[in-house]
Amino acid sequence: MTLPTGDTIGILADNLKLRNSVLPISKENAIRWAKGLELPRGGETILYTGIMYQLIPYIAAMSKAQELIEDSWMANFVSVGRYVNKLINVSGFMAKPSESMQKSYNQILVNIALLLKEAGVNFGYLYEEELYSGALIYDLGVDDILKDHVHKVYNTFKKYKVKNVITVDPHTTNMLRSVYPAFIEGYDLYVKSYMEVLVERNLQPKNELTKEVVIHDSCVYARYENVLKEQRTLLNRAGVTVKEPADSGRFTLCCGGPAESLFPKKAIVNAKKRVDQIKNAANNGVTMCPICFVNLQKAANDEITIDDISNYLVQAYL
Amino acid sequence: MALVNPSFIDEVKRSDEFNASACMNCGVCSAICPMGIELLPRKLFRYVLLGIGEKVLNNIEAIYSCLLCKMCEVNCPAKVHIAENVRSLRYVINKKVFKI
Ligand code: SF4
Ligand code: SF4
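Keeping their order, the protein sequence lines are chains Z and L.
The working numbering puts the first residue of the first sequence at 1, with every later residue one more than the last.
The working numbering puts the first residue of the second sequence at 1, with every later residue one more than the last.
Don't take each hint at face value.
[To be verified] Cut-off 25 angstroms, straight-line C-alpha distance, at most; resulting in silico cross-link-like pairs (BS3-like, lysine-lysine): (1) L:Lys95 <-> Z:Lys147; (2) Z:Lys266 <-> L:Lys55; (3) Z:Lys35 <-> Z:Lys96; (4) Z:Lys17 <-> L:Lys95; (5) Z:Lys147 <-> L:Lys13; (6) L:Lys43 <-> Z:Lys266; (7) Z:Lys298 <-> Z:Lys96.
Hints are computed from structural coordinates only; laboratory data are not their basis.
All chains should be built: construct the whole structure from the sequences, respecting the hints.
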């Protein structure tokens, strides 16, 4: 079944407008990763997760729960209907994410926080006041709803007198660094991905990793944000041999993930193409985006390993 | 016969970022698109420029299937802002067709 495009976009946009996120996730689950890290609330420099890594296990659970009946996790929401969704918080219909998946996605955020601490960066976190960046709504072209949302996000930063934002994924980096300034007059935040910060701080490895990985560049990092050197520098410095797949660097092949919410079957076809390219180079693919990570891992079907770059970096730099 | 609406371009063009007219129809984008979207961006942009709104609105699936991955854009010899142009088409469809 192909999802009705307009209804799907409508529900995602309504969710952003009414609940500040395309998919409702409890505050408690969004901030659980930070437990025990004792990060101060707010501050001049903050780590901003954009709730991307935390959302993926929910999307995966929805998608799995419906594999036999529908072809997309969004089908659940669409069947509820846009009108009902406006009245009732549809999070009650969401499938429960797997504990182990949540743990591994949360671990990525812990990795990043520990790496930044190791590099001597003083940073805070906004905890339950942190909001989703609106990336999917931007991609879908619902700019009028996005416009209000970006102001909400910006006002939260202003409330805590934030000046520097450290991001963990390419989509949030692009939103905050390149999209928000077009919506907000006088935008004055400095935005860097954690990989850029680690390289800038000249973090040095403690252990040598004699491993071989195939790098999968996110198209948003590579073609929107020009983040290409940092991931290679960090891996090379740690002794990792970085192999390039057929389409790489600035010409990287998209993982297909952006098609997931509207055309999930198209997303998987693309992911399989990319997995084949990775497989032809070596058996360990490394990603730096939660969407690439989940999509490629699903398509890899255990034939090859796909892992987030931070899982390699902690082995070398902590 | 398709209906031509010369003001359609004004509905789509929200800013100077929309530069479909720079396209010289070389076909590189279609050849390179990982989604195999033959129509995007060159033919659709041409429809916009010609004011054939109906043809644009008949191709909603292609417009929303685009990954905005910019593989086409990075190879485009005319520096067409393909991804932003696709977003502009989505904006118009969201308003006109989906009433969002
Ligand atoms: S590659 Fe650029 S110039 Fe060539 S057809 Fe596509 S948009 Fe037009
Ligand atoms: S942005 Fe990517 S998916 Fe969209 S038309 Fe260009 S190459 Fe195809």
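Against the structure, the hints come out as follows:
Proposed proximity of L:Lys95 and Z:Lys147 is supported: the alpha carbons are some 15 angstroms apart, at most 25 angstroms. Of the supplied pair hints, the one linking Z:Lys266 and L:Lys55 holds, its CA atoms being roughly 23 angstroms apart against a limit of 25 angstroms. At most 25 angstroms may separate the alpha-carbon atoms for a hinted pair to count; Z:Lys35 and Z:Lys96 meet this at roughly 21 angstroms. The straight-line distance between the Cα atoms of Z:Lys17 and L:Lys95 is roughly 16 angstroms, inside the 25 angstroms bound, and the hint therefore holds.
Restraint check for Z:Lys147 and L:Lys13: satisfied, since their Cα atoms lie roughly 18 angstroms apart, inside the 25 angstroms limit. Of the pairs offered as hints, the one joining L:Lys43 and Z:Lys266 holds, with about 21 angstroms between alpha carbons and a cut-off of 25 angstroms not exceeded. Taking the CA atoms of Z:Lys298 and Z:Lys96, the gap is near 18 angstroms; set against the 25 angstroms cutoff, the hint holds.
Of the hints listed earlier, there is not a single one the structure fails to meet.
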